[in-house]
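Visitor: Read off the chains here:
4 protein chains.
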Amino acid sequence: MSLPQAPADERPQLRIGMIGYSFMGEAHSQGWRVAPKFFDLPLNPVMQTIVGRNQKAVAQAATRLGWKTYATDWRTVVESDEVDLIDVCTPGDTHAEIAIAALRAGKHVLCEKPLANSVAEAEEMAAAAEEAAKTGAKAMVGFTYRRVPAVALAREMIAAGKIGPIRQVRAQYLQDWLADENAPLAWRLDKEKAGSGALGDIGAHIIDLTQYMTGESITGVTGMLETFVKERPVAVASSGLSGEAGTERGPVTVDDAALFLARFSGGAIATFEATRFAWGRKNAIRIEINGTKGSIAFDFEDMNVLEYYDAGDDQQTAGYRRIIATEDVHPYVAAWWPPGHGLGYEHGFVHQAADLVRDIAEKKQPLPSFSDGLAVQRVLAAVEKSSDAGTVWTDVS
Amino acid sequence: MSLPQAPADERPQLRIGMIGYSFMGEAHSQGWRVAPKFFDLPLNPVMQTIVGRNQKAVAQAATRLGWKTYATDWRTVVESDEVDLIDVCTPGDTHAEIAIAALRAGKHVLCEKPLANSVAEAEEMAAAAEEAAKTGAKAMVGFTYRRVPAVALAREMIAAGKIGPIRQVRAQYLQDWLADENAPLAWRLDKEKAGSGALGDIGAHIIDLTQYMTGESITGVTGMLETFVKERPVAVASSGLSGEAGTERGPVTVDDAALFLARFSGGAIATFEATRFAWGRKNAIRIEINGTKGSIAFDFEDMNVLEYYDAGDDQQTAGYRRIIATEDVHPYVAAWWPPGHGLGYEHGFVHQAADLVRDIAEKKQPLPSFSDGLAVQRVLAAVEKSSDAGTVWTDVS
Amino acid sequence: MSLPQAPADERPQLRIGMIGYSFMGEAHSQGWRVAPKFFDLPLNPVMQTIVGRNQKAVAQAATRLGWKTYATDWRTVVESDEVDLIDVCTPGDTHAEIAIAALRAGKHVLCEKPLANSVAEAEEMAAAAEEAAKTGAKAMVGFTYRRVPAVALAREMIAAGKIGPIRQVRAQYLQDWLADENAPLAWRLDKEKAGSGALGDIGAHIIDLTQYMTGESITGVTGMLETFVKERPVAVASSGLSGEAGTERGPVTVDDAALFLARFSGGAIATFEATRFAWGRKNAIRIEINGTKGSIAFDFEDMNVLEYYDAGDDQQTAGYRRIIATEDVHPYVAAWWPPGHGLGYEHGFVHQAADLVRDIAEKKQPLPSFSDGLAVQRVLAAVEKSSDAGTVWTDVS
Amino acid sequence: MSLPQAPADERPQLRIGMIGYSFMGEAHSQGWRVAPKFFDLPLNPVMQTIVGRNQKAVAQAATRLGWKTYATDWRTVVESDEVDLIDVCTPGDTHAEIAIAALRAGKHVLCEKPLANSVAEAEEMAAAAEEAAKTGAKAMVGFTYRRVPAVALAREMIAAGKIGPIRQVRAQYLQDWLADENAPLAWRLDKEKAGSGALGDIGAHIIDLTQYMTGESITGVTGMLETFVKERPVAVASSGLSGEAGTERGPVTVDDAALFLARFSGGAIATFEATRFAWGRKNAIRIEINGTKGSIAFDFEDMNVLEYYDAGDDQQTAGYRRIIATEDVHPYVAAWWPPGHGLGYEHGFVHQAADLVRDIAEKKQPLPSFSDGLAVQRVLAAVEKSSDAGTVWTDVS
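Protein chains in written order, with this note's numbering: chain A, 265 to 661; chain B, 265 to 661; chain C, 265 to 661; chain D, 265 to 661.
Keep in mind that the hints are not guaranteed to be accurate.
Intra- or inter-copy, both count: the list cannot distinguish identical chains.
Think about it this way: if two alpha-carbon atoms lie no more than 20 Å apart in a straight line, the pair counts; the simulated EDC-like pairs of lysine to aspartate or glutamate are [what the hints assert, rightly or not]: (1) Lys557 <-> Glu445; (2) Lys557 <-> Glu490; (3) Lys426 <-> Asp444; (4) Lys649 <-> Glu387; (5) Lys426 <-> Asp577; (6) Lys557 <-> Asp444; (7) Lys557 <-> Glu495; (8) Lys320 <-> Asp273; (9) Lys557 <-> Asp577; (10) Lys455 <-> Glu346; (11) Lys332 <-> Asp273; (12) Lys426 <-> Glu508; (13) Lys557 <-> Asp578; (14) Lys332 <-> Glu512; (15) Lys320 <-> Glu274; (16) Lys398 <-> Asp304; (17) Lys557 <-> Glu591; (18) Lys320 <-> Asp304.
Quick caveat, the hints were computed from the structure, so don't treat them as lab data.
Excised from the complex, chain A in its bound form (with noise of 0.2 Å):
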């Protein structure tokens, strides 16, 4: 005897193409994989095709993460009617021939950040992104932090106005991956693949938290990059976000650590710092931004938790909030378990998938935008910028 079959699914679909399978291309994979399964949306997200220039090695991946074909080059599938959507989870320097590319072929985006590894790119890309919303094509840049629950939080608390306007924002990103000096030379430190080096790859994130965060854009810097470590053995193979170390050695050709000083639009002041060399933070994406009415922190280490001051308490009890969000009122939380079952690092992921798939459902603007994206790399290339002329202040254009 044989069992009823699960009734179909009948929303239309949105099919897939993800380009690349290492560190981010799981991330996305799982992004795809569960965002149907907790949130209800218009669309049902198919895992259409992956993509890598080993064969052999995509067909295990496909198989293994769960997408139905594969692809060795991506012009196949930027040009292919099986798919609706590109996901770019590749390297920084190919990010805007392949975005374009399916933007032009009237494929939706989502794109890792940062958008790109220069402002000229970038520019390219959020232009191509204009006139493909024409025809309907959404392009979406992947800030996944945004998507953590307890940072949604303080979006919403801040334009709610709870601490009211901004003065002052302090933002690190801090690991530790690097501090080791026989760390090897992963792609990640070559500045043809990578862009920059921490200032990218996680200064790019609390940029664009602290704009989102507070609704404001920075609007000048001035940064210092530093190079701890000149040379590295290089990496014979990769994982994570790192890799192993052979025996041969090679040059590092970005920065280990970026700090900077800013301004925003609305004339609050702000500290910056990205580093991969401090010692025993793992992950620690820290934001304090304080208003003239409260205060709030947050930090990546403790991501379920959103630290809130509200300086109309009455005095006897006034206190920072240890705030667990986790509760069904909080972004995101709904869809997922009971309050104190925290949510962990991939989830953003998964909400950032529903959330794009409901955005292309409603013919709405996805956010991140690619002009947040370029906003972002403007930011970066200021820094840099400030950074080469000797730390000097320097507009963001």
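Add chains B, C and D to chain A, keeping to what the hints say.
Guide: Just chains B, C and D, lined up with the frame of chain A:
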């Protein structure tokens, strides 16, 4: 032009039939769905059949959660040759009947915790599991918190002697979802369905966790159960832990909070507390263990962290270490993300699925076994007996 | 040329005679020394006489600690008309005799905690205090932790109904100075001198604190005492809590750890733990109290902070507030420094001295009274009785 | 019968004359009062003379704070042969005149921070100190936060190479007492009196602390100063940091917040922030230092704790250690209480007094010297210069 299909997964299948599709059903589905994508498993778990009494609802759940077929009578599935493993996600009053039938039908069984609503039932289940083991069927009980990396790390460290023989244990499981007197009367507050209240629902977890971490068993207790709110509005719909309140009121027939002192087989003394009335604590599973050479401390509200004090450290620099258990060397973590990219609640279910699949393939007894579940049940019964007798010392038989 | 002298202090004097000059003697001296400098007191406390049995040592202590005169026999001082208040800082076995004699001689008495080594003694002392009160002599017991601002704030908030009627209390006092098996056998480990071990020494504090904070009394307990290390090297010199180990060994005659469950007069249920074996916890007095409307939490290891959860807060932004209890509106703080400039352990002794001086001047009963001390003693006795009887429920008589 | 008098203190005296008696005067008085009671000092510091311009107020202060004599003109005291050491606790605009006069009169000098309101003054003072040193007079500047045990421990550990050569420093001093726009215009907001705002008042502390902890000096900066609130109600009475607002309004002539990037002499890069506008942060002095072998972190809001990450720890159990710096082996602690019995803000002043007395007795240069104070002043000036020039890189000359 059609792209090449992903090569077929050539691993043998392990076909799952899951009974229940609310909170635990969703969590278990995520476990089966995700485990084979991140863990390199010898068998391929297939989400074959989902079972629920309401035909329309279970059919929808099948589609939404990704099960191939569905059924309305668990007996059909237990006897079906399309299914290799029965995953029991129903309330505690049905565990024994379903699990025993499944084992007798030669299926592997994963049963949600607590194993049963009484020691008698749990004994039958453990006996059935022992009998079934002779024919190769495996039985496991779902104490997933064991599979939080920080918890599994604690177990490893204690087993390796890092804190020496155990002297003291303090364990708390604090929630607040019943602290509001008007929170509805969900099935978890009905003794018939749930067996007991805070004691069996969440106290069971800290009993299992402390026995697991220490590698010892609880030999005696003295307990005190309390029901603070005797009557509540009856729930008219259920979601997550709780539900929506109606206008009718009904009696709470289980404990709201359970306190007990205990002694472990190695001589350690312990305090235990389980409550759903600790305003502000959402899912605070807090365990501290003091040995002769050091201590460990865990709090699920910061679930990626294990605290560790090494009494052998130099006095100048000794202090509780905040181990962020997200390194490749930590249990389960190598399958996931780079350091500091924390995991969430549901990852325990993914790890559970992965471990169970491996044990079945390797013909090993999966842990926690039904005997382990029975051991927890005996402690629960001893606490109830102690409380009923006026809080007297009661051996765990 | 000589500069003008500071005008004489014209306040009436309150002349102190202090018995004992080790750990508590130093702390009390600091209290008397500093209180009149920061608090505007109606009487001027004068450090008149210090008493110790060793003439050379007590003379040196007088000079070092700033006492005007010294004596080797406490009886001399109790009868001296140069002294108005006797401050008893000796081990517990001498409290009753000294305090009663002093009260009968018409002196005010401040007696270190625990009040006595037995209920019988404590009852005599309370009776003597009541008798003396008729003639105007005041008696107070030295539970100084009540006077940590964050603790006093908790009391105020609970009394004001901020967390509603109390449902649950969890209290721990964790230290680690005996966790090393070779820590010496100090007087605190000798039942003759100390009365009991962790129970009376530190358990007494959390009994008093929870009764004080809740405004309720403990009505029954079930307890378990344990001595982990039965024999230790005899101390040859004492300092702080402990001392220096010699080569001889002797028996530990008190408990190393004490656990008990309790019920409060208002119906609340509670867990208590006092231990000196919690490696890594140095002086962790942790108290959490859950009411119907909120919760408070305190940990002496972060002594300037009180955590507070207000269940009435909007769900979106509710969370434990980290109140840094250093604002002028917080108890005792206006006498000290600007916000955030925290206080330390000994400030409790300063506040104790200030409060006692004011109560004497205003002819008010200082708190905690000897009756309060007796109440603690009765709980201690009930815990011991329960433990001796095999951990059975025992009413506090 | 009269009791024997405490033997006279036979140590040579060190007679103190203190100028000023508000916030800093009270803190220094407590330092002089308490230091000889807990520390075994070679000289006996005597609270000889206190100086203030208002005769009635200073006479009262003398009695209240425990000074023998008083004066209304600091010149009298500087020239008096009843005084050996001048303790300057006045606003910054008078430091130079008083300190130089005192040194020329052969007195030892303790001068509150910042050393002066300008580099020119500070240079004169450092020159005077150097000149005076030839005759044996000692000069010290009062950066008391160096003497918090956790801070002094950090210095010891870094000097011992525990975290290796320094790569990065991040330092913040966050307060919120001006975040309210109607907080009054106290003298600290008047450039004439205070020299600068957040920069000189609290930024000076983190400049000194990071130079002290690292053993390096800041060689260049780029800075940004901001005044958020340009006008405030004039203060009509002062207390603590602030005071009571009147109805008149006046201009704020100093910075509200100061941000700067910096480079240290050993090559490390750094971010600094000083602000009084960070709602909810009361006195958060936060310093993190990353070296090649580990990290340390400190936050004054948890002042008895130093966090330490040892990159040499086994990866399985590595993590920031929460060192509770209250053990006998930690700086200054042996003089105080048992482990875990934490110290408070004012203990820094006690330690300062003790250290200074010892250095004078041992004829050693006390630290921080006026040269150290000058070094801080030069950094402050460079930050101001950089900010005035539009946030350009500026060498510390």
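Visitor: Please go over all the hints and tell whether each is borne out by the structure.
Guide: Against the structure, the hints:
In this homomeric assembly, Lys557 and Glu445 come within 20 Å of each other (Cα to Cα) only across copies, at 10 Å, whereas the closest approach inside a single copy is 44 Å. Taking identical chains as interchangeable, the C-alpha atoms of Lys557 and Glu490 lie at most 20 Å apart only when they sit on different chains, with a minimum of 18 Å there against 36 Å within one chain. With identical chains, the CA atoms of Lys426 and Asp444 are at most 20 Å apart between copies only, with a shortest distance of 15 Å across copies and 42 Å within one. Within a single copy, Lys649 and Glu387 get their C-alpha atoms as close as 17 Å, which meets the 20 Å cut-off; across copies the closest is 37 Å, which misses it.
Taking the shortest Cα distances, Lys426 and Asp577 sit within 20 Å of each other both inside one copy (12 Å) and across copies (14 Å). Proximity of Lys557 to Asp444 under the C-alpha cut-off of 20 Å is restricted to the inter-copy arrangement: shortest distance 8 Å between copies versus 42 Å within a copy. Proximity of Lys557 and Glu495 under a CA criterion of 20 Å is satisfied inter-copy only: 18 Å between copies versus 48 Å inside one chain copy. In this homomeric assembly, Lys320 and Asp273 come within 20 Å of each other (Cα to Cα) only across copies, at 14 Å, whereas the closest approach inside a single copy is 32 Å.
In this homomeric assembly, Lys557 and Asp577 come within 20 Å of each other (Cα to Cα) both inside a single copy, at 10 Å, and across copies, at 17 Å. For the identical chains of this complex, Lys455 and Glu346 are neighbours neither inside a copy (35 Å) nor across copies (54 Å), given an alpha-carbon limit of 20 Å. For a Cα distance limit of 20 Å, the shortest separation of Lys332 from Asp273 qualifies both inside one copy, at 17 Å, and across copies, at 12 Å. Taking the shortest alpha-carbon separations for Lys426 and Glu508, neither the intra-copy value of 47 Å nor the inter-copy value of 27 Å comes in at or below 20 Å.
With identical chains, the CA atoms of Lys557 and Asp578 are at most 20 Å apart both within one copy (13 Å) and between copies (17 Å). Taking CA atoms no more than 20 Å apart as the test, Lys332 paired with Glu512 passes in neither setting, with 39 Å inside one copy and 52 Å between copies. When the C-alpha separation of Lys320 and Glu274 is checked against a cutoff of 20 Å, the pair qualifies only between copies, where the shortest distance is 16 Å, while the shortest distance within a copy is 34 Å. Within a single copy, Lys398 and Asp304 get their C-alpha atoms no closer than 27 Å, and across copies no closer than 45 Å, so neither meets the 20 Å cut-off.
Proximity of Lys557 and Glu591 under a CA criterion of 20 Å is satisfied inter-copy only: 18 Å between copies versus 24 Å inside one chain copy. When the C-alpha separation of Lys320 and Asp304 is checked against a cutoff of 20 Å, the pair qualifies only between copies, where the shortest distance is 17 Å, while the shortest distance within a copy is 35 Å.
Checked against the numbered hints listed earlier, the structure breaks hints 10, 12, 14, 16; every other hint is satisfied.
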